[in-house]
Amino acid sequence: MERVMMKGNEALAEGAIRAGCRFFFGYPITPQNEIPEYMARRMPEVGGVFLQAESEVSAINMVYGAGGAGGRVLTSSSSPGISLKQEGISYLVGAQVPCVIVNVARGGPGLGGLTPSQSDYFQATKGGGHGDYRLLVYAPGNAQEMVDLIGLAFDKAEAYRNPVMILTDAIMGQMMEPVVLPPLREVSPDKPWATTGKKGRSKPNLINSLGIVGEDLERINVELQAKFARMAADEVRYEADGVEDADLVVVAYGTSSRVVRSAISRLRQEKKKVGLLRPVTLWPFPQQILAELAAAGKRFLVVEMSAGQMVEDVILSVNDRAKVTFFGKLNGTVPTVKEVYDRIMSLLPEGGEE
Amino acid sequence: MERVMMKGNEALAEGAIRAGCRFFFGYPITPQNEIPEYMARRMPEVGGVFLQAESEVSAINMVYGAGGAGGRVLTSSSSPGISLKQEGISYLVGAQVPCVIVNVARGGPGLGGLTPSQSDYFQATKGGGHGDYRLLVYAPGNAQEMVDLIGLAFDKAEAYRNPVMILTDAIMGQMMEPVVLPPLREVSPDKPWATTGKKGRSKPNLINSLGIVGEDLERINVELQAKFARMAADEVRYEADGVEDADLVVVAYGTSSRVVRSAISRLRQEKKKVGLLRPVTLWPFPQQILAELAAAGKRFLVVEMSAGQMVEDVILSVNDRAKVTFFGKLNGTVPTVKEVYDRIMSLLPEGGEE
Amino acid sequence: MTHEIICAGFGGQGVMLIGQLLAYGGMLEGKEVTWFPSYGPEMRGGTANCSVVISDQPVGSPIVAEPDGLIAMNGPSLTRFKTAVKPGGVIVYNSSLVTAVPALPGVKICAVPANELARELGNDKISNMVVLGAFLGLTKAVAVSSIETALQQVLPARRHHLIPLNSAALRKGFSLVTE
Amino acid sequence: MTHEIICAGFGGQGVMLIGQLLAYGGMLEGKEVTWFPSYGPEMRGGTANCSVVISDQPVGSPIVAEPDGLIAMNGPSLTRFKTAVKPGGVIVYNSSLVTAVPALPGVKICAVPANELARELGNDKISNMVVLGAFLGLTKAVAVSSIETALQQVLPARRHHLIPLNSAALRKGFSLVTE
Amino acid sequence: MARITIDEERCKGCELCVSVCPKKILGMSERINSQGYHFVETIGPDCIGCAFCARICPDVVIEVYK
Amino acid sequence: MARITIDEERCKGCELCVSVCPKKILGMSERINSQGYHFVETIGPDCIGCAFCARICPDVVIEVYK
Amino acid sequence: MKKIFAYPRALSPKRTHYCPGCTHGIIHRLVAEAIDDLGIQERTIGIAPVGCAVLAYEYFDVDFLEAAHGRAPAVATGVKRVHPEAIVFSYQGDGDLASIGMAEIIHAATRGENITVIFVNNTVYGMTGGQMAPTTLPGQKTTTSPYGRDTATVGYPIRVCELLATLDGPAYLERVSVHDPQHIIKAGRAIRKAFALQVAGKGFSLVEVLSSCPTNWGMTPTQALRHIKEVLVPYYPLGVFRAPEEVSGDDA
Amino acid sequence: MKKIFAYPRALSPKRTHYCPGCTHGIIHRLVAEAIDDLGIQERTIGIAPVGCAVLAYEYFDVDFLEAAHGRAPAVATGVKRVHPEAIVFSYQGDGDLASIGMAEIIHAATRGENITVIFVNNTVYGMTGGQMAPTTLPGQKTTTSPYGRDTATVGYPIRVCELLATLDGPAYLERVSVHDPQHIIKAGRAIRKAFALQVAGKGFSLVEVLSSCPTNWGMTPTQALRHIKEVLVPYYPLGVFRAPEEVSGDDA
Ligand SMILES: Cc1ncc(C[n+]2csc(CCOP(=O)(O)OP(=O)(O)O)c2C)c(N)n1
Ligand SMILES: Cc1ncc(C[n+]2csc(CCOP(=O)(O)OP(=O)(O)O)c2C)c(N)n1
Ligand code: SF4
Ligand code: SF4
Ligand code: SF4
Ligand code: SF4
Ligand code: SF4
Ligand code: SF4
Ligand SMILES: [Mg+2]
Ligand SMILES: [Mg+2]
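Chains as they are written, first to last, in my numbering: chain A, 1 to 354; chain B, 1 to 354; chain C, 1 to 179; chain D, 1 to 179; chain E, 1 to 66; chain F, 1 to 66; chain G, 1 to 252; chain H, 1 to 252.
Among the hints, a few may not be true.
Cut-off 30 Å, straight-line C-alpha distance, at most; resulting in silico cross-link-like pairs (DSSO-like, lysine-lysine) [what the hints assert, rightly or not]: (1) B/K338 x A/K227; (2) A/K203 x A/K227; (3) H/K229 x F/K23; (4) A/K271 x D/K86; (5) E/K24 x G/K14; (6) A/K272 x A/K338; (7) H/K186 x B/K198; (8) A/K203 x A/K156; (9) E/K23 x G/K229; (10) H/K3 x B/K199; (11) H/K14 x B/K199; (12) A/K271 x A/K338; (13) H/K14 x F/K66; (14) H/K186 x F/K24; (15) E/K24 x G/K229.
Quick list of the computed label-pair ranges, beta carbon to beta carbon [as the list claims (entries may be wrong)]: (16) G/G148 x H/A6: 46 to 52 Å; (17) B/Q269 x E/S29: 51 to 57 Å; (18) H/E230 x F/I43: 24 to 30 Å.
Read the hints as simulated data drawn from the structure, not as lab findings. All residues carry an ideal CB built from backbone N, CA and C; glycine is no exception.
Can you build the whole structure from these sequences, using the hints too?
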C-alpha cells in the first residue's frame with residue numbers, strides 16, 4: 001500500500017480513472033484546473049477521452065450525451081461554472097442519466113474569489129436547478145476520500161441512474177496529502193437503457209425528460225421521488241467521532257471539519273466532552289443520527305464556511321432550534337483552529353456563558 | 001377604478017411599465033411569452049427598450065449591464081431558463097445590481113412540461129446560484145397582485161440594491177382576471193453608484209463582485225448579510241385569513257393557495273375551523289407569524305405543487321415537525337379543490353383520523 | 001352564485017373567444033371572474049379548451065374540474081368532458097359535428113346545429129356564437145347584452161364590423177332555447 | 001509531535017518546492033503530512049507561500065496560522081509572517097535579501113546568506129535549498145536524507161541531474177547551523 | 001399506368017399535394033377524418049406516377065405505384 | 001537632444017525596451033525595486049527620442065522628452 | 001405495378017403533431033430515407049432539439065436523446081465520443097441552433113466533430129408561438145417584432161452556412177430548400193451526402209433546410225412554400241458552402 | 001524640451017498585476033490614449049472580462065463593470081441601451097470572447113450594437129494557468145493540450161475577425177499586433193478608429209490584438225514578441241476585415 005503525495009484535485013482525477021471513468025468534459029476554472037489538466041495528460045494513456053468544452057454549459061451537455069450513451073463520465077468545475085450547469089443538471093436528473101459532477105467550490109457570490117468556501121451547500125443539496133430533484137452529494141474530508149468517494153460516486157450514479165455530486169472546496173483541491181490509490185478497475189456495467197444505436201433491439205432507447213401531458217410528467221416525478229426515497233434510506237454516510245460521551249457535538253464537513261478536528265483534539269487533551277459529527281453525504285443528510293443524539297440530550301454547534309446553510313438541515317434533523325448554535329465564516333476566509341476552539345469553549349457548561 | 005380583463009403575464013408586464021420599468025431583456029419560453037410579446041409592442045410606445053436576447057444567459061447579463069448603468073430593468077423566463085440565469089443572478093447580488101426577475105414556473109425537472117408547478121421554490125429562496133445570497137421573492141396570488149407586486153418589486157430592488165424575484169406559475173400567468181391598473185409612474189431615483197460615465201465625478205463607479213483577497217470577499221459578504229438581515233426584518237408579507245380561531249392552518253402560496261381558498265370556503269360553510277396563511281414573500285419567509293400560531297397550539301397543513309419544498313421553511317418556523325403535514329402534487333398536475341378538501345377533513349379533529 | 005364553465009372544441013372553432021366573452025361579460029356585470037386556457041402542444045391541430053368561473057365571491061381555483069356548464073363544439077370535447085359535469089349542470093353541444101346523443105342523469109343536454117345555423121346567417125365561423133347564445137339562454141350566466149359590450153373590447157378594432165353578425169348569431173342561439 | 005511550517009518568498013524563489021519537499025520527506029518517514037499553497041493572483045509577480053504540517057497524528061487544518069517554523073526567502077514574507085510565529089518557534093530567513101534583523105521574544109531567528117552561499121556552489125537558483133538545509137538543522141523536522149529521497153520523486157526525471165547540486169546546498173545550509 | 005394510395009387518417013388537408021400534381025387529379029374530400037381534417041382524394045384517373053404529391057406531402061400520406 | 005525618464009518602481013524588468021532601443025542605450029540595473037525586479041536604466045547618452053522604448057513598455061514606465 | 005414511393009422504414013408509423021402543411025414533416029422523411037439508403041438504422045442515434053421538432057424521437061425508429069434547448073451539438077459530441085462507430089445526427093431549428101445554441105454549433109463545427117446536423121431554418125420560433133429568430137428577415141413581423149424586424153435596433157439575420165464556412169473544421173455545408181418537388185429531391189441528396197460523409201469519417205456536416213411555418217407566418221401551406229421560393233431563397237442563397245474534395249458528386 | 005510621450009490621462013497611476021513583459025499593458029495604454037485623444041473619458045464605460053484583464057477597472061480612470069466570463073458583450077449591450085450617448089467598450093481575452101462567450105459576441109456583432117470590443121488574442125487562457133484556447137495553434141502545447149493541440153480530436157483554431165466578417169452587423173473589424181513599435185502605432189490607430197466610429201454612431205467595432213503571454217508560453221518577453229511576429233501573424237493575418245465606407249483613413 002504505497003503512499004503517494006497528491007493534490008486533492010489530482011487524487012480525485014486519478015481516483016476517477018481507476019474507477020473506470022473514461023470520459024471527461026470540462027472547462028477551466030480555478031481552483032480545479034488540476035483536474036482537467038491531469039485528465040488531459042492521463043486519459044490518452046488509458047484510451048479515454050478528455051475534451052475541453054467551449055463552456056460549462058456545453059460541458060454538462062456533453063456529459064448528458066456521453067452518460068446517456070452509456071459512458072462513465074465526469075465533469076468538474078467551481079462555483080460560477082456549477083451555476084451555469086444548473087439547467088443541465090436538472091436535465092440529467094430528469095432523464096436519469098448517471099454521471100459525476102465535481103464542485104471545487106470557491107467564494108461567492110458572483111465572481112467572488114479563489115478562496116475556499118462552503119457556500120454552495122444549498123445549491124448542491126436543495127437543487128440549484130429547476131424542478132423537484134436530488135443529487136447524491138459527497139463531501140470528502142481528506143485526499144484519501146477524494147479518491148475513495150469518487151469511485152463510489154460512479155458506482156452509485158449508475159446504480160441509481162442519477163447524477164452524483166462531489167462538493168469540495170479550494171483547500172481540499174489544492175492541498176497535498178498522502179494517498180493510497182486503488183488498482184485500476186475495468187467496468188462495463190450493463191446499461192440496457194443507453195442510446196447505443198438500436199443494434200437489433202425492437203424498441204429504440206430514449207433519453208428524455210419531457211412530459212408534455214401533466215399526467216406523464218407526474219408519473220416521471222413519482223418515479224424520481226421513489227428513487228430519492230430509496231437513496232435517502234440507503235445512502236447516508238457520516239463519521240462520528242467521540243459523540244457518545246460528548247455534551248456538545250460539532251457538526252461540520254469538508255475543510256471546516258478538519259479545522260474543527262484540530263480544535264477538538266486540543267479540547268480533548270483538556271478533557272472537554274466534545275464530539276465531531278461529520279456528514280460525508282450532504283444529501284441524503286444524516287438526519288437520524290442527529291435526531292438520536294438530540295434525543296440523548298446533546299447540544300450542537302454547526303461550523304461552516306458560509307453564512308449558515310447546512311445548519312438548516314441540522315435544525316430540521318434535531319427539530320429543536322434551541323439546541324443548535326451556528327458559527328460561520330463568510331466566503332473568503334477559513335475559520336482558524338483558535339476561533340473554533342474559543343467558540344466551543346464558550347458553549348461548554350464550564351465555559352462560562354451558560 | 002376601471003377593471004380590465006388581463007392575462008396574469010400581461011398584467012405583470014403592464015404593471016412593470018406603469019412602475020417605470022423601461023428596459024426589458026428576455027428570451028422566449030412558454031408559459032411566459034406574453035410578457036416579452038407585450039413588451040415588444042408596448043416598450044416603443046413609452047420610449048423604452050425591448051430587446052430579445054440570444055439566450056437566457058445573455059438576457060441576465062444584459063440586465064446586469066442595464067441595472068448597473070442605472071436602468072429600471074426586468075427579465076422574465078420560466079424554469080429551465082431561470083436555471084440558466086443562476087450564474088448571472090449570483091453576480092447581480094454580488095455586485096448589488098437592482099433588477100426584477102420573473103419566473104413563470106413550469107413543471108420540471110429537465111425539459112419537463114408546460115404545466116404549472118411550484119417546484120422552483122428552493123431555487124428561488126435558498127439560492128440556485130453559488131454563494132451566500134438571498135433574493136427578495138414575491139409570490140402573487142392573483143392578477144391584481146401581478147400588477148401590484150411587480151411595482152413594489154422595482155422599488156424594493158432599488159431600495160436594497162438587490163435583485164427581486166417574482167415567483168409565479170403557468171396558471172397565474174395564463175389566467176385572465178380583472179385588474180385595476182395604477183397610473184403610469186415616472187421614476188428617476190438617485191443612483192449615485194451607477195455606471196453612467198464619470199461625468200465629472202472624481203472617482204469612477206464600479207459594478208463588481210470580485211474579492212480577490214479573502215478578507216475583501218469577507219467584507220463584501222458581511223455587507224450583503226447585513227442587508228439580508230434588514231430585508232428579513234422589514235419585508236415579510238403574508239395574508240392571514242381566518243387563522244385566529246382555526247384549529248388547522250393551511251399554508252400555501254400562489255396557485256395552490258387559490259385551490260386551498262376554494263376548499264376552505266366550502267369547509268367554512270360547514271363550520272370547520274380552518275384558516276389560510278398565504279406567504280406573499282417567500283423570502284423573507286413569514287416565520288414569526290407561523291411561530292406565533294404554533295405557540296397558540298395550531299396544527300398546519302402545507303399544500304404545494306411540488307414534492308415538498310416550502311414545507312421545510314414551515315417546519316423551521318414552527319420548529320415542531322409533528323405539527324406539520326404536507327400535501328403535494330408532483331409537477332404537472334394541480335391539486336383539485338376536492339383533494340384539498342378531503343385532506344383537510346382527514347386532519348380535522350372531527351375528521352376521523354385523529 | 002358561481003358558474004363554473006368549460007368551453008371546448010377543435011382549435012380554430014373559437015372556443016377560447018367565447019370563454020373570454022363569458023368572463024368579460026361577467027366582469028362587466030360586476031362579478032368576480034377568471035378565464036383559464038388549456039394550452040401547449042394540444043393547441044396545435046388538436047383540441048382546445050378553457051375554464052371560466054363567474055362568481056359573486058373572489059374566485060379560488062381557476063381550473064374547472066367539475067363544471068356546471070359545458071360548451072362542446074365537437075365530438076372529442078364532448079366525450080372528454082361530459083362525465084365531469086355536475087348534476088344539475090348544462091351541456092350545450094354543436095350537433096352539426098356530433099352525431100352520438102349522450103344521456104346523463106341530472107344533466108340538461110341541448111343540441112345546437114351550430115354550423116347549419118351559422119351558415120344560414122351567412123358565415124360558418126360564427127357557429128361558436130350560436131352555441132354561446134344557446135348556453136346563455138339556458139344558464140343566464142350573463143346577459144346577451146353584456147356579451148355584446150364585451151365583444152367591443154375583446155375584438156380588435158379592425159374586426160368591429162363583424163359585431164352585428166356575431167350579435168345576430170348570439171341572439172339566434174339564445175332564441176333557439178328560450179322561445 | 002507536530003511541525004507547522006510556513007515557507008514564503010517571491011514567486012520563482014522555489015518556496016513551493018521546499019514546502020513540498022518537507023511534506024514529502026515527512027511522508028517518507030511515516031508521518032501524516034499536508035502541504036497547502038497560497039495561490040491565485042498573488043502568484044503572479046508578487047509573493048508566494050505555502051503551509052506544511054508534519055505530525056504523528058492525522059492532520060486537521062492544513063492552513064498554518066501560527067507556525068512553529070518559518071522559512072522566509074525575502075523581506076515582505078518575513079514582515080508578513082514573523083509575528084505569527086509561536087513562542088519556541090524558529091525563523092530562518094534569507095539574509096542576502098533582507099537587511100533588517102528582527103528580534104522576537106522566545107523565537108529563534110537564524111540568518112542565512114542564501115544567495116551568496118548558493119552562488120558559491122555555482123547556482124543562484126538553489127538558495128532555497130540552502131535555507132531549507134539550515135531549517136532542518138535547527139528543527140530536525142525531517143532528516144536531510146529524506147529530503148534527498150523526496151527530491152527523486154518531486155523533481156521530474158529531466159531534472160534529476162540537479163539532485164547532487166541540491167544535496168550539496170541542503171548540506172551546506174544544514175552544517176551552517178549545526179557545526 | 002400509375003396509381004397512388006392515400007392514408008386518409010394521416011392526412012391533414014394541407015393541400016400541398018393538390019398544388020403540385022401536374023395532372024390536377026387531386027382534390028379535397030367533403031368528408032373529414034377523425035382529426036377533423038378534410039382529407040385528400042383522387043378526382044381523376046390520369047396519374048402518371050411522378051410522385052410529386054408524395055414527395056411534397058409532409059405527412060407521408062401517399063404511396064405511389066407504377 | 002532627447003531624454004527619457006524612468007519610473008523605477010513601476011518597472012518589471014521585462015527588457016522589452018532594451019530590445020527595441022535603436023541606440024542600444026538601455027540596460028538592466030544591478031539593483032532591484034521593492035517588487036524584486038531589476039529595473040531598467042540608461043547606459044548611454046545618445047537618446048534620439050524615438051520613443052520606441054516607451055511605446056513597447058507594457059508598464060508605461062518611460063516618458064520621453066525632445 | 002411496383003411501389004415506387006414508399007413509407008421509409010426508419011420512420012415510425014405515428015401521426016406527427018406538426019401543423020398541416022409544415023415542412024418539418026418533409027425533412028423528417030428525407031432524413032429517414034437517407035438512413036434507409038445507407039443501411040444505418042441500427043447504429044444511428046438522433047438528438048432532438050427543443051423546438052417544434054421536440055418530439056422527433058416519436059417519429060424516427062432509432063435511438064434518441066432529447067437535448068436542452070440549443071445544446072444538441074454538445075449532446076451529439078458526448079454521444080459520438082462514446083460511440084465513434086455510431087451515426088449521430090442532431091435536428092435543430094433556427095432558434096435552437098443560431099440563437100441560444102450559437103456557441104455549441106460553432107465549436108462542434110470547428111472541432112470537426114464527426115456528426116451530421118440537420119438545420120431547419122423557418123425564420124421564426126415555431127414552437128413557442130412565432131417569436132423573432134436570428135434568421136427572421138428584415139421587416140418581418142413576428143410576435144416579438146410586432147412592427148417588423150428593425151435592423152437599426154435588433155440587427156441583421158445570420159446566414160449560418162456562410163458563418164460556418166469561415167471555419168477550418170466542417171467537411172460539408174449546404175443550404176437547400178423544400179418548396180417544390182425538385183428542390184425536395186435535391187435536399188434529399190444533400191442530406192444523404194451529409195450522412196454518407198459521416199459514415200466515411202469525414203467530419204462535421206450540416207445541411208440547412210429552408211422550411212415553412214405556415215402557422216406563424218399566417219399563411220396557407222401553399223402560400224408558405226411560395227414565400228420560401230420568393231423571399232427566403234433570395235436572402236439565403238442555396239448551394240454548397242463547403243465540400244470535401246475527396247468525396248465527389250451527389251452520390252457520395 | 002517637450003514631453004513627447006506621456007502617461008495617458010485615462011490610465012490610473014496604479015501598478016498593474018500583469019506579468020513582466022505581458023502586452024496586456026501595451027493594449028491598456030493604447031485604449032487609454034484613444035480615450036484621451038477623443039476626449040471621451042467622462043462618458044466612457046468599460047466592461048472588464050474574466051481573464052488576466054479581470055482587474056482592468058483598477059487601471060482605467062473611467063466607470064467600469066465587471067462582467068461574468070464571456071458575457072461582456074451582453075453587459076455592454078445592457079449599458080449602451082440605457083446610455084446611448086455613453087461610449088461603451090469591452091476588453092476581452094480569447095477564451096472569454098471566442099470560447100464561452102461565442103454566442104454573445106456573434107449576436108452583439110450581428111445586432112450592430114454600437115459598442116467597441118478590444119479583443120486580446122494571446123492563443124491561451126492566461127489567467128487560469130495556460131489552458132488551451134479556441135485560438136491555440138495546431139500543435140501548440142498548453143496545460144490541457146499537453147501533447148500539442150491535435151486537430152484530429154479537438155479541431156481547429158477560430159479566426160474571429162474572419163468569422164464576424166460574414167455578418168451584416170459589424171461596422172469595423174481589424175486585426176493588429178503589438179510585437180514591435182511600428183505595429184503598436186498601427187494598433188493604436190485601429191483602436192482609436194474603433195472608438196471614433198462608436199462616437200459617430202456607426203455601430204459595432206472590434207479590434208483583435210495579437211498579444212503575448214510570456215508566462216504561459218514559457219518564453220522571455222522578447223522571445224514572446226518574436227513568436228507573435230513569426231508564428232501568430234502568419235496564422236492570423238493582420239488587416240481590415242470590415243470598414244464602413246463613410247469613414248475613411250486612419251484618422252476617422
Ligand atoms: C432554455 C430554454 N429556453 C427557451 C425555451 C423555449 N423554447 C422552446 S422551443 C424554442 C424555439 C424554437 O424555435 P426553433 O428552434 O426555430 O424551432 P421551430 O419550432 O421553429 O422548429 C424556445 C425558445 C426552452 N425550452 N428552454
Ligand atoms: C463561468 C466561468 N468559467 C470559467 C472561469 C475561469 N476563467 C477565468 S479567466 C478564464 C480564461 C481566461 O483566458 P482569456 O479569456 O484568453 O484571457 P487571458 O487571461 O488570456 O487574457 C477562465 C476560463 C470563470 N471565471 N467563470
Ligand atoms: S403521382 Fe403525380 S400525377 Fe399521380 S397524383 Fe401524384 S402528383 Fe398527381
Ligand atoms: S400533402 Fe399530404 S397531408 Fe397535405 S393534403 Fe396532401 S395528402 Fe394530405
Ligand atoms: S527614446 Fe528611443 S533612443 Fe531614446 S531610449 Fe527610448 S528607444 Fe532608445
Ligand atoms: S519595457 Fe518597461 S517594464 Fe520592461 S524593462 Fe523596460 S521599462 Fe521596465
Ligand atoms: S408552428 Fe410552424 S414550425 Fe411548428 S409545427 Fe406549426 S407550422 Fe411547423
Ligand atoms: S498570464 Fe499571460 S496574459 Fe496573463 S498577465 Fe501573465 S503573461 Fe499576461
Ligand atoms: Mg424555427
Ligand atoms: Mg487569452
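Results of checking the hints against the structure:
1. For the suggested pair B/K338 and A/K227, the alpha carbons sit about 29 Å apart, so the restraint of at most 30 Å is met.
2. Between the alpha carbons of A/K203 and A/K227 the distance comes to roughly 24 Å, so the proposed pair stays at or under 30 Å and holds.
3. In summary, the hint linking H/K229 to F/K23 is supported, as the alpha carbons are separated by about 22 Å, within the 30 Å threshold.
4. For the suggested pair A/K271 and D/K86, the alpha carbons sit about 24 Å apart, so the restraint of at most 30 Å is met.
5. For the suggested pair E/K24 and G/K14, the alpha carbons sit about 29 Å apart, so the restraint of at most 30 Å is met.
6. For the given pair, A/K272 sits about 15 Å from A/K338 by alpha-carbon distance, which is consistent with the 30 Å threshold.
7. Taking the CA atoms of H/K186 and B/K198, the gap is near 29 Å; set against the 30 Å cutoff, the hint holds.
8. With a C-alpha separation of about 27 Å, the suggested pairing of A/K203 with A/K156 holds against the 30 Å cut-off.
9. For the hint pairing E/K23 with G/K229, the CA-to-CA distance comes to about 22 Å; that is within 30 Å, so the pair holds.
10. Only pairs whose Cα atoms come within 30 Å are accepted, and H/K3 paired with B/K199 is accepted, the gap being roughly 28 Å.
11. This hinted pair checks out: H/K14 and B/K199 have alpha carbons roughly 22 Å apart, not beyond 30 Å.
12. As the CA atoms of A/K271 and A/K338 are separated by approximately 17 Å, the hinted pair is consistent with the 30 Å bound.
13. For a cut-off of 30 Å, the pair hint linking H/K14 to F/K66 stands: about 26 Å separates their Cα positions.
14. About 24 Å separates the Cα atoms of H/K186 and F/K24, which keeps this hinted pair within 30 Å; it holds.
15. With a C-alpha separation of about 21 Å, the suggested pair E/K24 and G/K229 falls inside the 30 Å cut-off, and the hint holds.
16. Checked against the given bound of 46 to 52 Å, the beta carbons of G/G148 and H/A6, roughly 51 Å apart, stay inside it.
17. The hint said 51 to 57 Å for the Cβ distance between B/Q269 and E/S29, and at roughly 55 Å that hint holds.
18. A hinted range of 24 to 30 Å for the beta carbons of H/E230 and F/I43 is consistent with their spacing of about 29 Å.
Figure legend: structure checked against the earlier numbered hints; every hint is met.
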